[in-house]
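> Those protein sequences? They're chains S and W, same order as listed. The numbering used here puts the first sequence at residues 6 to 117. The numbering used here puts the second sequence at residues 11 to 122.
Please note: incorrect hints may appear among the correct ones.
What the hints assert, rightly or not - Heads up, simulated DSSO-like pairs for lysine-lysine below, C-alpha to C-alpha not over 27 Å straight-line: (1) W:K80 / W:K67; (2) S:K104 / W:K93; (3) S:K7 / S:K72; (4) S:K47 / W:K81; (5) S:K104 / W:K19; (6) W:K67 / S:K7; (7) S:K104 / W:K80; (8) S:K104 / S:K7; (9) W:K93 / W:K19; (10) S:K47 / S:K61; (11) S:K47 / W:K93; (12) W:K19 / S:K47; (13) S:K104 / W:K67; (14) S:K47 / W:K24; (15) S:K114 / W:K19; (16) S:K104 / W:K24; (17) S:K104 / W:K81; (18) S:K7 / S:K114; (19) W:K81 / S:K75; (20) W:K19 / S:K7; (21) S:K72 / S:K47.
Said to hold, decoys possible - Covered by chain S, according to a simulated footprint, are these stretches of chain W (three or more residues, beta-carbon under 8 Å): (22) 44-53; (23) 109-117.
For the record, the hints were derived by calculation from the structure and aren't laboratory data. Please read these numbers as outputs of a predicted model, since none were measured by experiment. In this text, a Cβ means the ideal position worked out from N, Cα and C, and glycines have one as well.
Read off the chains here:
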Amino acid sequence: QKEVEQDPGPLSVPEGAIVSLNCTYSNSAFQYFMWYRQYSRKGPELLMYTYSSGNKEDGRFTAQVDKSSKYISLFIRDSQPSDSATYLCAMSALGGTYKYIFGTGTRLKVLA
Amino acid sequence: DGGITQSPKYLFRKEGQNVTLSCEQNLNHDAMYWYRQDPGQGLRLIYYSQIVNDFQKGDIAEGYSVSREKKESFPLTVTSAQKNPTAFYLCASCPGGIYGYTFGSGTRLTVV
Chain S
6 QKEVEQDPGP LSVPEGAIVS LNCTYSNSAF QYFMWYRQYS RKGPELLMYT YSSGNKEDGR
66 FTAQVDKSSK YISLFIRDSQ PSDSATYLCA MSALGGTYKY IFGTGTRLKV LA
Chain W
11 DGGITQSPKY LFRKEGQNVT LSCEQNLNHD AMYWYRQDPG QGLRLIYYSQ IVNDFQKGDI
71 AEGYSVSREK KESFPLTVTS AQKNPTAFYL CASCPGGIYG YTFGSGTRLT VV
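Between the sequences and the hints, there should be enough to build the whole structure, so can you do that?
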């Protein structure tokens, strides 16, 4: 079993839809959670980060962490064709070496 | 503008050759990382360095080598011992703490 599981998709939605992207994990030591967006043939860019449990909102993006279920989510409201990309979750344990474990990524297509 | 520069963007290697991928950052970040990305496998950590003149193996270090002689630079050498080097290579840096990575734009290595 992988430490971090992420549905590879592709996930296709119409423009304006609410998108839910999810990751599950097995290591209860993970404390820091990140979401990255990666366009084709580019490096990932950081979208959101959260520490421990709870929600964080930034514009159209909301990140949720449920540590009791070992489950994190990224919601995208009013999705746009420009949101079409691969979304990667990443997580790290408290302190130490700052290593992050990445999910395999979910490919999202927002249809105009 | 601050960022991470990876070069070259595309690299072709003949069987039995060593090649070196460049990674330079002007963000004044202490930690730097090399990841390999293959379709369906997400990002896998090759090597990382938290401080100049020190580095640690990641999950897939065999066939790779690195150096960290300057804070700004973290070159990766793909040696002939790496049997399947064709992949997308990503360099990242991090200031530490609860901050995420900043990634470069990647180098696509192909064995010919």
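> All the hints need checking, so say for each whether the structure fits it.
Right, here's what the structure says about each hint:
1. For a cut-off of 27 Å, the pair hint linking W:K80 to W:K67 stands: about 18 Å separates their Cα positions.
2. At roughly 25 Å between alpha-carbon atoms, S:K104 and W:K93 fall within 27 Å of each other, so this suggested pair holds.
3. Under the criterion of a C-alpha separation no larger than 27 Å, the hint pairing S:K7 with S:K72 is consistent with the structure, at around 17 Å.
4. As the CA atoms of S:K47 and W:K81 are separated by approximately 24 Å, the hinted pair is consistent with the 27 Å bound.
5. For the hint pairing S:K104 with W:K19, the CA-to-CA distance comes to about 25 Å; that is within 27 Å, so the pair holds.
6. Taking the CA atoms of W:K67 and S:K7, the gap is near 19 Å; set against the 27 Å cutoff, the hint holds.
7. Using a Cα cut-off of 27 Å, the hinted pair S:K104 and W:K80 holds, with the two alpha carbons roughly 21 Å apart.
8. With a C-alpha separation of about 16 Å, the suggested pairing of S:K104 with S:K7 holds against the 27 Å cut-off.
9. For the hint linking W:K93 to W:K19, the alpha-carbon distance of about 21 Å falls within 27 Å, and the restraint holds.
10. A threshold of 27 Å between alpha carbons decides the hint, and for S:K47 with S:K61 the separation of about 26 Å falls inside it, so the pair holds.
11. Restraint check: the Cα-Cα separation between S:K47 and W:K93 comes to about 25 Å, which is no more than 27 Å; the hinted pair holds.
12. A threshold of 27 Å between alpha carbons decides the hint, and for W:K19 with S:K47 the separation of about 10 Å falls inside it, so the pair holds.
13. The straight-line distance between the Cα atoms of S:K104 and W:K67 is roughly 11 Å, inside the 27 Å bound, and the hint therefore holds.
14. Straight-line distance between C-alpha atoms of S:K47 and W:K24 comes to about 24 Å, which keeps the hinted pair within the 27 Å bound.
15. For the proposed pair S:K114 and W:K19, the alpha carbon gap of about 26 Å is at most 27 Å, so the pair holds.
16. The straight-line distance between the Cα atoms of S:K104 and W:K24 is roughly 32 Å, outside the 27 Å bound, and the hint therefore fails.
17. For a cut-off of 27 Å, the pair hint linking S:K104 to W:K81 stands: about 18 Å separates their Cα positions.
18. Taking the CA atoms of S:K7 and S:K114, the gap is near 25 Å; set against the 27 Å cutoff, the hint holds.
19. A threshold of 27 Å between alpha carbons decides the hint, and for W:K81 with S:K75 the separation of about 36 Å lies outside it, so the pair is violated.
20. Among the hinted pairs, W:K19 with S:K7 is inconsistent with the structure: their alpha-carbon atoms are about 30 Å apart, more than 27 Å.
21. A hinted pair counts as satisfied when its Cα atoms are at most 27 Å apart, and S:K72 with S:K47 does not qualify at roughly 31 Å.
22. Remark: the stretch 44-53 of chain W is confirmed as covered by chain S, as 5 of its residues place a Cβ nearer than 8 Å to a Cβ of that chain, reaching the required three.
23. Interface restraint, the stretch 109-117 of chain W with chain S: holds (8 residues with C-beta to C-beta distance below 8 Å; minimum three).
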